[in-house]
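**Student:** Build out the structure end to end from the sequences listed, making use of the hints.
One letter stands for each residue in the lines below.
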Amino acid sequence: MSGLVLTDFSVAHGPCDVLRDISLSVGPGECVGLLGPNGAGKTTLMRAALGLMAHRGQSSISAMPLSLRAKTVAWLPQTREIAWPVTVENLIALGRLPHLAPGGTPGDADKAAIDSAIARMGLEGFRTRIATQLSGGEQARVLIARALAQATPVLMVDEPAAGLDPAHQITLMQTLAREADRGRAIIASIHDLGLAARFCTRLVVLWRGGIVADGPPLSVLTPDLLAEVFHIRAHIAQTEDGVIVQPLGLVS
Amino acid sequence: MSRALWVGLGALVAVLFAASLLIGPAGLAPVQALSALVWGDALAETLVMREIRLPRAILAMLVGAALGLAGAAMQGYLRNPLAEPGLIGVSGSAALGAVLALQTGLAAAHVLALPFAALGGAVIAVLVILALAGPRGGSITLILAGIAVSALAGALTSLVLNLSPNPFAASEIVFWMMGSLQDRSMTHVWLSAPFIALGAVVLLAQGRKFDALTLGEDTAASMGVHLGRLRLALVMGVASMVGAATAVAGAIGFVGLVVPHLLRPLVGARPSALLPASALGGAVLVLMADIAVRVILPTRDLKLGVLTAIVGAPLFLHLIYKTRRQGQL
Numbered sequence: 001m002s003g004l005v006l007t008d009f010s011v012a013h014g015p016c017d018v019l020r021d022i023s024l025s026v027g028p029g030e031c032v033g034l035l036g037p038n039g040a041g042k043t044t045l046m047r048a049a050l051g052l053m054a055h056r057g058q059s060s061i062s063a064m065p066l067s068l069r070a071k072t073v074a075w076l077p078q079t080r081e082i083a084w085p086v087t088v089e090n091l092i093a094l095g096r097l098p099h100l101a102p103g104g105t106p107g108d109a110d111k112a113a114i115d116s117a118i119a120r121m122g123l124e125g126f127r128t129r130i131a132t133q134l135s136g137g138e139q140a141r142v143l144i145a146r147a148l149a150q151a152t153p154v155l156m157v158d159e160p161a162a163g164l165d166p167a168h169q170i171t172l173m174q175t176l177a178r179e180a181d182r183g184r185a186i187i188a189s190i191h192d193l194g195l196a197a198r199f200c201t202r203l204v205v206l207w208r209g210g211i212v213a214d215g216p217p218l219s220v221l222t223p224d225l226l227a228e229v230f231h232i233r234a235h236i237a238q239t240e241d242g243v244i245v246q247p248l249g250l251v252s
Numbered sequence: 001m002s003r004a005l006w007v008g009l010g011a012l013v014a015v016l017f018a019a020s021l022l023i024g025p026a027g028l029a030p031v032q033a034l035s036a037l038v039w040g041d042a043l044a045e046t047l048v049m050r051e052i053r054l055p056r057a058i059l060a061m062l063v064g065a066a067l068g069l070a071g072a073a074m075q076g077y078l079r080n081p082l083a084e085p086g087l088i089g090v091s092g093s094a095a096l097g098a099v100l101a102l103q104t105g106l107a108a109a110h111v112l113a114l115p116f117a118a119l120g121g122a123v124i125a126v127l128v129i130l131a132l133a134g135p136r137g138g139s140i141t142l143i144l145a146g147i148a149v150s151a152l153a154g155a156l157t158s159l160v161l162n163l164s165p166n167p168f169a170a171s172e173i174v175f176w177m178m179g180s181l182q183d184r185s186m187t188h189v190w191l192s193a194p195f196i197a198l199g200a201v202v203l204l205a206q207g208r209k210f211d212a213l214t215l216g217e218d219t220a221a222s223m224g225v226h227l228g229r230l231r232l233a234l235v236m237g238v239a240s241m242v243g244a245a246t247a248v249a250g251a252i253g254f255v256g257l258v259v260p261h262l263l264r265p266l267v268g269a270r271p272s273a274l275l276p277a278s279a280l281g282g283a284v285l286v287l288m289a290d291i292a293v294r295v296i297l298p299t300r301d302l303k304l305g306v307l308t309a310i311v312g313a314p315l316f317l318h319l320i321y322k323t324r325r326q327g328q329l
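Protein chains in written order, with our numbering: chain A, 1 to 252; chain B, 1 to 329.
Some hints here could point you the wrong way.
[What the hints assert, rightly or not] Which bits of chain A does chain B cover? Going by a derived footprint, with three or more residues having C-beta under 8 angstroms, they are:
#, stretch
1, 59 to 70
2, 79 to 85
3, 90 to 99
In case anyone wonders, no lab produced these hints; they're calculated from the structure.
C-beta: ideal position from N, C-alpha, C; glycine also.
**Tutor:** Quick look at the structure:
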């Protein structure tokens, strides 16, 4: 079983539950867009599922021992932290740490995974650049390449498209969709409904501590749901370029 | 590049260690001195070499390596180039233990009373810090606990000075706190070496985890780093090294701050590579400083800690200025 299964999953923040009795199963090949307004608990859901926060109920990932967890899921938090001026190549190589034997050095498989991640994120010309001196968008791509180099069956990303220019937003979403096609399970929290609808195979909407909608983009993004959860109305159309969702205004 | 760095640092340590053995007020000829050290063929010279210069050179190397490695580990863990080994309060508490030994006269009664009191201070600091910092693996609580312990140890040290019975006792304490390697014996080496070696083993084993922390605590945790265990290893390793170094040499500042900062660009900023490099770099800096205090003012007993601060502070200001000009700070 390589994916994520949450059963009766609850997360408390102080006395009140932020997430209540959530059951969710994401399998290989799925690219799941996690939607919800600010504060709906998207980040909390992912961090708790990873075992980074205390929770009740079962998560197939947090139940694993730490070393196995690191080989099963790669996590890309929203805060893009690069503490030291290391080269892009060395930074991406950090993704291989969970696969190295104690005291071992990176082998051919590790180098291949690093090269492949660099190629997939289009960072060939950046290898020897200092990661901290890159622009925010470039850093985001380097960090995504690090997560890809970890070569895990599950990939969880928090707001991966934030701060990227339109071309790189599309490239990123295409990369995630392609990784899903290759058999990975992808879970990405996204605020841009248009990107989510076009590139995800499935959308999950979090609201008031629970999942209020779960399914293919067009069946999830109904006018009623957009009005109730996001307080917006939007133009939704199925075109030959895929699903188009364009927010138009607020509903009062 | 990296190979040249290791060879260069290693050669520097060896050369400075030899220089430390050969430079001193007894004015022995180098060949005669080394022969006396190795073969023990001349009574007075052998005594000088084996009982005075050898322990001093070994301690300079050990203390320097301890401060450099502990500094690199603290910076790697906190992901902050301004972190230093004293931040968790161990050096302040070790100093308090030593000051109490001086004040009560225990230090005069037995040669090992002072270093043991200092180690006791370090152990108490570790227990208080671990209790204060709580069970979860965060770094913020560790810094806050360290600051609290440092402040308390500093205040109690001031209190001891305040209540000291006469100016001589007070000046003895003040001079001890300036840090020195003068008049140390092999007993000090045997006392500190196991703690420093143990701390070095513990900290060097964490290199890869510090690398993972480059990406932040959350990502490191998701990559299999147990943050709580890492923090425990850091506190134990740093306390063991810095506690032992302070116990035998007093408070020697700036080494743990400046050395990792100087060497970081030379190891590609990787925290795991910086650990052994800073150990060698710290040994180089303290050996140099300890030779300098003997050469500059041979008659005045210039204190080691004073010299490292006088040299270290401007060097550090220069580094800050350079970093600022490159727009990285």
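**Student:** Flag every earlier hint the structure violates by its number, smallest first.
**Tutor:** Violated: none.
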